[in-house]
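Peer 1: Each chain, written out:
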Amino acid sequence: MTLTGIAEFIASFFGLPGSSSVWIVAVLAAAILLGFMLLTVLILIYVLRKLLGKIQARLGPTRTGPKGIFQTAADALKLLIKEDTIPVKADRRVFIVAPILVFVPAYLVYVVVPFGEGNHFIAKDLNIGLLYIVAVSSINVIGVVLAGWASENKYSLLGGMRSAAQLISYEVPQALAVLGPVMLAESLSMQDIVKAQGEGLFSWFIFRSLPLLGFIVFLVASMAEINHVPFDLPEGESELVAGFNVEYSGMRFAFFMLAEFAASFTICAIAATLFLGGWHSPIRGFLDNGWWTVFWFFLKSSALVCLLMWIRATYPRVRVDQLMEFGWKLMIPLALFNVLVVGLYVALGKGG
Amino acid sequence: MSEEEKLENTETSDKPLKPAGKASPGKALAEVTPPDPRLLALAELLQSTFGDAALESVVDRGMVTLVISPGTLLDTCQQLKTDPALSFDYLACLTSIDRQDHLEVAYNLRSLTHKHEFCLKVRLPRDTPEIPTVTSIWKGANWHEREAYDLMGIHFQGHPDLRRILLPDEWEGHPLRKYYVYEPDDVPSEQGPPEHLLIQLEGVE
Amino acid sequence: MGPQHPSTHGVLRVILKLDGEWIVEAHPDIGYLHRSFEKMGELRTYTNGLPLTDRWDYLCAMTNNLVYSMAVEQLLEVEVPERAQYLRVIVCELNRIASHLVFIGTYGLDLGAQTPFLYCFRDRERILHIFEEICGARLTYSYIYPGGVSGDALPGWLEKVDAFLDYLPPMMREIDQLLTGNEIFILRTRNIGLISPEQAIDWSLSGPMLRASNVNFDLRKESPYQVYDRLDFSVAVAEQGDCLARYHVRVAEIGESIKMVKQCLAQIPDGPTRAKLPKTIKPPAGEVYARVDTPRGELGVYMISDGTDKPYRQKIRGPAFVNLSILSELLPGWKIADAVSILGSIDVVMGEVDR
Amino acid sequence: MDWHTCSFYVLSVMILGSALMVVSLRNIVHCALFLAFTFMGVAGVFALLHAEFLAAVQVLIYVGAITVLILFAVMLTQKTIGISLKQTNRLAPLAVLSAVTFLCMIAVIALNTTFPTSGQHTVAVSTQTIGSAILGNGSYVVPFEVASILLLAAMVGAIVIARGQDN
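Residue numbers (the working numbering), protein chains in the order written: chain A, 913 to 1264; chain B, 26 to 230; chain C, 6 to 360; chain D, 104 to 270.
If you're looking for bench data, these hints aren't it; they were derived computationally from the structure.
Now the stretches of chain B that chain C is said to cover, found in silico as 3 or more residues with beta-carbon under 8 Å:
hint : segment
1    : 86-96
2    : 114-128
3    : 131-144
Virtual Cβ for every residue (Gly too), placed ideally from N, Cα, C.
The shape of chain A in the complex, shown without the other chains (with noise of 0.2 Å):
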């Protein structure tokens, strides 16, 4: 009943050539993760509405269906009846590649993600699956730059600048943390990075070498990288009125809006599988196989998203310079300092 399955014998029904199955499970599979990512994303957005009712005390949304349950529902289908207004003078063609531009992106990062053990729970084992997804995170930083400067208004323009540059200066503190788990595992693919950590609570890597430093300087740079609040510059309201997206309405927020969500979805993912050992339990053997791990995966990244939300709710904005004298002066000899340690630590325990 895997995917190759069905492909097979959706290749037969159709009566195209046997070779082309393979193509098919590609598109198979991209349609389930997508499907899967608005999925989450429309569960996250209810989720931090709520959770940030709570924290406020106050009750979120109530009104749209049992406890608001269909409220992000009725925020998509607003969005998509809104009118899809264009500036005059904007740049058409780009304004509207530039949201697809940040969407893809966010994206194509669900290629990697290992839902759980074994093949039929990963889209793609790529060996280099790490470095896949530093690569393609760095492609929206275009998106963000055009969405700016096409929407023609000096705010938007300021605004896509400004974060760009924040992007820009936290890939590189993202990227050094990520080689953390790297070393450890001594793989770049996602999978082999989960099998490396499969001796219970304190084999994740969390705790191995340096505790905690390369997990905290991941997180922030990618809460960074998502313009998330501490670092949300970019809409800062109360300095420029709205960042890029001043411009957008529409079906086109959406885009951006699902972009930010899904990316925080992933991130969150991420720091699970590199650093809170993926879909294992957090005790040896136990409940480790089938579709547990599954149930262990999406644990501990929702654990992290509301991690991320409950931060939301109580920090403050950063000022633009505050935010890159940390980005650069701090965070990166931060991570620099966690690739000596961890590397020295695999020297070692290599016995050299």
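Use these hints to put chains B, C and D onto chain A, whose structure you have.
Peer 2: This is chains B, C and D only, laid out in the frame that chain A set:
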């Protein structure tokens, strides 16, 4: 007009220090409360330092008032701020008053060190209300003077940025003047007091 | 930063001349909320001029009523009964707590922290409920009349105030933890918008703006009015004179106000709540400058009476009007993001700036 | 005509097409965008050849850094909104000439070298082999270190020049 009659009796009695707590209609308490001795001491001090320039000094209901001529304003204020015995370093409030026959500017000054305060008043002719600015002494006066210029039409010479502060720049007339009646449809009339305002002024029994 | 901007607390327009991210010049442009209270005051009798005062500083209407009534009482030289003076101090200090809660909430919102705002407004709701019980209004109270207060405390009202005073301190600790200890909040406010003591005095700032620059001057201590001389409280003063110091002064003032109201509740005597005044108040001719310490600073009324039943001139000295005038000297040299936090720390209410 | 060759043709059309657009378009930001698509196409070809490491590095370096650098340079230096450049100028004939000669040269080289056209896929170049090639014993360590020092010098130079404007 009670204001005029107060002026006459001070001229005739060659500017003595007069406690003005005279009995007044509608007083709830039985007798007149004598003004606070500390205020009398302050009035005494001011009288002695500015004897010649002071036209009139009144202690009335908890406030010492000293009236001086516009010419001597700048150096009296300078002395008020720098003189260690006085050291009025805090300008609490600057009020512009339209007394029909003349305009007045009242400076409420306070000393944070000696914890005493008083009101310095200057009288200006109605047609050319010109007075030097005190922003060089107390920067806080900046917006007060702009507001007095905007609403009362008093021109402060040497003010760094004298333009209307509350009303739109192209507004004519100064609303706080007694005769200023703003008919929205036509140009505000400043020729003379309209009838209904006059009646109200003479309505004092 | 136009009149419609999320962080200008009302219709204030500041014309900023920028060099990249840095502010070179700043000219506040006010007057968008100018309703000319001073002219209106001259056309109304003393009693029906009072409801006007609620619209001056709409976050702290009780102190506006108080300063207007004190000016009239000084003109009449009438003594207000003890119980009325205690009730006045209770409601004014409660109003100060409510206004400072609004400040903490909106200041957090300016810098991006959403949660404190909701906590502060939840607590402020309780104060407004208490006010509603005693004078029927949530914002425009017209509770303090020349000669006393409009209505005596209903049975059980003082106990409600007492219960609120026990409820507030733990909540204040919660809000405190959210903001005061928050490194990013400190990063955005420490050493930003520095005002030296001489500068503060020269620009005649008042209230928390003055006391945060290490100048220990509080009207309730210097020239105590009503029953403030019978209450022992300490004046909250901070040294640095930056945005953080102003925040700390206001938070400390909430603590002091709680202490004061507690003492008032203990000392409040029985007795009448209004002095006997003639039907139409006609104070003898004269001039008076009454002043009160509001959450924003010294609110003064220079009232001149000419013996008739209408004030001849009524000048309103708004604390935020004067505190805002320093903006043109304060903002240059800082960044735009700092302008937001400096403006927020001045705690401007446009109602009494524009009058 | 299995999917391997057909996707190769698709990719090559994409690369050549967007490269042509880069040269011929009037609006400079559009050129930068198409430059990014060219690089992505090249990364696709690398992936086809199972050189995944190179494909990822290609995307990371070229698309993520160099194109953004060009975009930054373009936007910060001059008012780019709405102006269109004249792509051709007096030197057009000379350019065409040099392009044609370059084309012939490549054609000659391509024709008489015998590519190893073995049927099965080329051996997968895994990251381990690349890693040991760069830093392993007796391999390209020295050139790798020299290159990094060169880059460092360039970066320091850039910072000095940029900082030069302030003081």
